[in-house]
Amino acid sequence: MAPRVPARVLASFRRTGRSQAAYALAAPAFVLMLLMLIGPLAGVIALSFTDYQLGAPAFSWIGLSNYREMFADRVFWISLKNTLTYVAIVVPGAVALGLGVALLIQSGAGLKSWYRTVYFLPVMATLIAMAIVWEFMLHPQFGLVNGLLRAAGLQGHSWLQDRGTALYSLCVIGIWQATGFNMVLFLAGLVSIPKHLYDAAEIDGAEGAWSRFRLVTWPMLGPVTLFVVAISAIRSFQVFDTVQVLTKGGPSKSSEVLIYTMYTEGFEFFRSGYGAAVTVVFLAFVLLLTLLKSALGNREVHYA
Amino acid sequence: MTPRARMLLWSAIRHIVLLAGALVMLTPFIWMVSTASKPQTEIFSSDLHLIPYQFALWDNLLIAFAKADLWRYLLNGLIVTISIFGLQVLVALPAAYALAKLRFLGRDVLFALVVFCILIPPQATAIPVFLLLHKMGVLDTYAALVLPFTISVFGIFLMRQFFKTVPDDLIDAARMDGISEFGIVWRVMLPTAIPAVTAFGIFSVVAHWNDYFWPLIVLNSEHLQTPPLAVAHFRNNEAGTNYGPLMAAAMVIIAPLVIAFLFAQRRFIEGITLTGIK
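Those protein sequences? They're chains A and B, same order as listed.
Just so it is clear: in the first sequence, position 290 is 274 by the numbering used here, and no numbers are missing.
Heads up: take any position in the second sequence, counting from 1, add 1, and you land on the numbering used here.
By construction, these hints were calculated from the structure, which means they are not laboratory data.
Errors might be hidden in some of the hints.
[Stated by the list, open to error] Distance windows between CB atoms, simulated:
1) 43(A) x 260(B): 30 to 38 Å
2) 203(A) x 192(B): 26 to 34 Å
3) 12(B) x 29(A): 40 to 48 Å
4) 232(A) x 12(B): 24 to 32 Å
5) 60(B) x 57(A): 48 to 56 Å
6) 52(A) x 60(B): 31 to 39 Å
[What the hints assert, rightly or not] Cut-off 20 Å, straight-line C-alpha distance, at most; resulting in silico cross-link-like pairs (EDC-like, lysine to aspartate or glutamate):
7) 96(A) x 271(B)
8) 237(A) x 146(A)
9) 232(A) x 271(B)
10) 136(B) x 35(A)
11) 232(A) x 57(A)
12) 65(A) x 146(A)
13) 136(B) x 252(A)
Idealized CB from N, CA, C, for every residue including glycine.
Bound conformation, chain B alone (with noise of 0.2 Å):
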């Protein structure tokens, strides 16, 4: 065989190699579209087929919004999402420039604290945190949702070691224009620090929108719920009657992160292996 004959081949035995990969990886996906695709009848039927005879997308959503408040939940979705993240950002960057920029007694002695934080899985302070929500009353609501979330170690972690790499004289300069440390947070650091806010941004978001453990635990009301709860929800109350709704459901839970993931690829595996560094 020629060298460009064996380079062909090979280059075909990775695509047919990869393409099989590829559908097994989509093929769940491809199996809720299909299947929020069909009307009842075709779903309770043993005759195996992809598209759906009779195209029933927007009934299956119809009952699917009508059965379970979707807005609502998307809605609790952003609002969790969004409040944990400005939060985050609220805590973790002054303490991140504090950490990286300025000399206070204590300094090594916190930074070594944030480092061993990160090392705690969340479900391991789960049952103490509960003890102290339910002390506060707010079990069942928003804030127990946020509060326990506020804190991430791990932001402080990484915009401390991003804010080392910050030139000193950049700092020196907006204090000789008479802007406070705090000033200095939001309007020096914060600007020069807008990639790894981002990754990080995407890091929290895609968590907490994902997240079931935590609202499942801490949440009794309906109206509150996050989104994998009300699809779980959603599932528990139609238990093997309605497919085609709850797998419509399913894609209208996952949407808003599948489309924001496929316009910026790039950004979401950079914010979301940011674990994999920690």
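Isolated chain A, as found in the complex (with noise of 0.2 Å):
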């Protein structure tokens, strides 16, 4: 015969037993975070005050020594300046285009889906392999750009091999390749506009399409249109596939930038403290960013 147990030591015994479990639910997750993020987190700023490469036997604290020779450094600045660049042509770019093809988009009924589709399939496609297919097309002799040029009587250009022109035309495929991204946040703004907003304006007087634009549109949009413009840049900060492959920084460092500039550092000269360094600075920027989208996402937006 069991022992008859007071409901209240069972229920408390059942807590936690229950908390037992919750603890061996979570555990795995929480030991994976501690070693394959927040680790290496602390650890990254930890190595930015060492001198340490891989595979030597010792390394020492050095304080901010990485950091004055990366500040003393032309190629960091060139990295952090087209970064920078690189951000502030994608960004714009890529977010009036994803804006500018939602509305048109959703301003008419046909063909909506065929549309959404088609300015979707760079997103899914992998950058790397499109990337090289960019590559041909940009080809100076035999590449569909300036094949086309020269049908229009113009001089055709090394895109890619010229200091002048290597970076835009990294942002060009940059862009190429968000705005569809940017189209469905924005199209998933447009279809959360309650409808009745459109029919208030149109009864105090606002008519054509502009005015509904800048009536209701535009100021709905609003919070959504920070979001998108955050999300891009942080992404646009990550940019490393497209340089890797096409310029892989050049010609002459003209298109080197900060992920690129920390992969060479840290995985092809094992530099890991001055690498950790530059990641810092990196870190630094994206955070920054994360936290205004952060920020901004608490204003009640709802997506999809």
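Each of the two chains sits in its own frame; use the hints to bring them together as a complex.
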């Protein structure tokens, strides 16, 4: 015969049992989080104060030396400037085009989902493969772009091999790839605008597409737009694939960007300490943008 | 102009602009297929034409498959993406259930950590994680490709939000039936969460199929290459000589996801734009 246990004791027993189960359920995630995310994050900051090199038997704490070296290095400043230029071109480009396409798609009924699919295709397709296609399209002699220019009676150009145009060519690929992503976010934002606002605006005498846009769409889309800008900026800051495969940061550092600098220092020269210092700069920018985005995200914006 | 004429005019303008834009978006894809279908002589000619005079897609595909073991790379991509997603689910779902439905000391701290970790960009932890894998001696293995991504804090966050909406009665009923907490995760919570898990799965598979940065860092051996790494490698080997087979290889690499996308656009768009809400 089982001994009688007071219900209260039983309940608390069950609760402890359950909270033990909770620890068991959350433990793998917690351990992996420490091992793969929080530890490495602390690690990268700590490393940036050392002279550690992969394979070296020992390392020492060298305080701010990596940062001093970095701030004295011309390449770092070029890299930072190029990254900011890339962001400053791709973000407005991809946001404006994404918004424009979303508005046009939403303004009528025909072929809606077909357009959405086509504009989203570049987001889906493996960027490295498409970057290689772009490289051939930009081929000075046999590429489509120069071919079309010649057909129009214009001079061709060595887009990726010229230090004056390499970074901008990468920007074009960046915009091509990001527009569809932004379009989808804007479409979700547009769908969530209550229809009665347009009716109300019409009653108040707002006629024509432009005044509807100015009085209803744009104010309602404002928070979404800020949000899309922040996301695009974060994604553009991480530009790496196209640079690594198409230009290797060249010619003469004209398309060197932060993550690429980090990659060469950290994984080609194995200067882990210095690479970590570059990473910290990158991290500072991205965290700033992320915090900005989270602050916007809390403003009751709904998606999808 | 009558309102009807104006509507028609607007509709025409809408289609013209959207079609022009769509053409620009599609140009790289069209040019890829066109080049992959041309023989060498037509590729290296200044005469610009879209439809090849002599159709050579099959030859180019054969050369591509002969020069690079594309089946192997596709298989690698499959192994890596599926392993990552499977392990992510295995790790994230129990944690998400605990965070959403169980009360335990430190739950809020753990959840705050999850939210904090979402903010960490993947490139930021690359150097220390690389050193860790080096210490573990697993660089240049499948494990190096999979291990760092077994934890998806975003997945935990997403599933926790979803589990919050599951009624407690359902869980209590399962407990009455004597199902353990562990069993509840897989037999009660998972079936209710299939749409969310699917969306997360698409998000995860697309991200890791297309990932170039991490495989580039941790791999050396050719036979472990994932599709993006393989196509970049192919290009470096054939630099400037074999565009037909190169474009054919690019086609093969993007084909699985693009085809899946065309069949289930809605789900894909939903899944990929999940990043938008994080």
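Satisfaction of the hinted span 48 to 56 Å by the C-beta atoms belonging to residue 60(B) and residue 57(A)
Holds: the Cβ-Cβ distance is about 49 Å, inside 48 to 56 Å.
When you take the CB atoms of residue 203(A) and residue 192(B), is the distance between them in 26 to 34 Å?
violated (42 Å)
What's the verdict on residue 237(A) and residue 146(A), does the C-alpha distance respect the 20 Å limit or exceed it?
holds (11 Å)
Within 20 Å, alpha carbon to alpha carbon, are residue 136(B) and residue 252(A)?
Roughly 18 Å separates the two Cα atoms, so the pair holds.
Take a quick look at whether residue 136(B) and residue 35(A) sit within 20 Å of each other, Cα to Cα.
Answer holds: residue 136(B) to residue 35(A) is near 18 Å, not above 20 Å.
Is residue 96(A) within 20 Å of residue 271(B), Cα to Cα?
Holds, because 16 Å separates the two Cα atoms, which is no more than 20 Å.
State, for the Cβ atoms of residue 232(A) and residue 12(B), whether the hinted interval 24 to 32 Å holds or is violated.
violated (47 Å)
Is 40 to 48 Å right for how far apart the beta carbons of residue 12(B) and residue 29(A) are?
violated (56 Å)
Quickly compare the C-alpha distance for residue 232(A) and residue 57(A) to 20 Å and report which way the hint goes.
holds (18 Å)
Within 20 Å, alpha carbon to alpha carbon, are residue 232(A) and residue 271(B)?
Given that 20 Å is the threshold and the Cα spacing comes to 34 Å, the pair is violated.
Hint says 31 to 39 Å; check whether the CB-CB distance for residue 52(A) and residue 60(B) agrees.
Because 57 Å falls outside the window, the suggested range is violated.
Would you mind confirming whether the straight-line C-alpha gap from residue 65(A) to residue 146(A) stays at or under 20 Å?
holds (18 Å)
Hints 1, 2, 3, 4, 6, 9 from the earlier list are contradicted by this structure; the remaining hints agree with it.
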